Amino acid sequence: KQEVTQIPAALSVPEGENLVLNCSFTDSAIYNLQWFRQDPGKGLTSLLLIQSSQREQTSGRLNASLDKSSGRSTLYIAASQPGDSATYLCALRDSGYALNFGKGTSLLVTP
Amino acid sequence: NAGVTQTPKFQVLKTGQSMTLQCAQDMNHNSMYWYRQDPGMGLRLIYYSASEGTTDKGEVPNGYNVSRLNKREFSLRLESAAPSQTSVYFCASRVTEYGYTFGSGTRLTVV
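Residue numbers (the working numbering), protein chains in the order written: chain A, 33 to 143; chain B, 380 to 490.
Simulated crosslink set (DSS-like; lysine-lysine; CA at most 25 angstroms straight-line):
hint, chain 1, residue 1, chain 2, residue 2
1, B, Lys-388, B, Lys-436
2, A, Lys-33, A, Lys-100
3, A, Lys-74, A, Lys-135
4, B, Lys-436, A, Lys-33
5, B, Lys-388, B, Lys-450
6, A, Lys-135, A, Lys-33
7, A, Lys-100, A, Lys-135
8, A, Lys-135, B, Lys-388
9, B, Lys-450, B, Lys-436
10, A, Lys-74, B, Lys-388
11, A, Lys-135, B, Lys-436
Residues from chain B that face chain A, not an exhaustive set, calculated with beta carbons under 7 angstroms:
hint, residue
12, Ala-429
13, Gly-437
14, Phe-481
For the record, the hints were derived by calculation from the structure and aren't laboratory data.
This structure is a prediction, so every number in the text was calculated from the model and none was measured.
Don't be surprised by glycine CBs; every beta carbon is placed ideally from N, CA and C.
From just these sequences and the hints, can you work out the full model?
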């Protein structure tokens with residue numbers, strides 16, 4: 033069974049810092065990997081989707097990379113803002129139909 | 380531009396009561412999913428429907444039933460609610476190799 037681990041579980045940074053969230057997985061035979069954002073009491077918002085054939089995807093201040101051989105993905109957030117405070121979830125789809133989720137990194141950006 | 384719509388948003392049930400959680404998507408997606416999210420457990424798949432007319436069990440199906448009413452709608456039914464089913468329930472949909480789109484969730488408390 034695919035295991036998805038996100039480190040750290042929680043992170044607090046001052047506004048303006050660049051930061052990296054990590055996601056590791058045990059089975060490299062994946063179709064794609066998706067990063068989500070979840071605000072407290074809210075649903076999941078898709079941030080970036082990386083197909084298995086891709087190495088990275090960018091959207092604004094966000095950049096996600098994928099290294100299947102090492103079983104790792106990173107989400108880079110540039111020039112963090114208080115509005116970036118949320119839980120970030122990594123999820124990947126392998127040969128099954130379901131997404132396998134990590135437990136998330138809770139990010140707090142302080143003014 | 381509704382995406383995935385879930386109803387109700389909040390519900391309190393007594394042990395033994397039944398209810399149906401409704402989900403509808405307007406993106407013409409083939410696949411639909413029901414997840415539950417619990418503190419410390421992450422998101423776990425309850426049931427999914429790869430296409431209209433098919434349903435399959437996920438990781439935690441016990442105590443639930445589903446119906447794929449048509450391509451748009453996928454409902455989740457609790458026949459006899461138990462306190463262990465207190466959770467946040469998310470519906471999601473997907474088409475081919477694109478990412479998943481999630482609804483805003485149903486917060487269910489069973490007392």
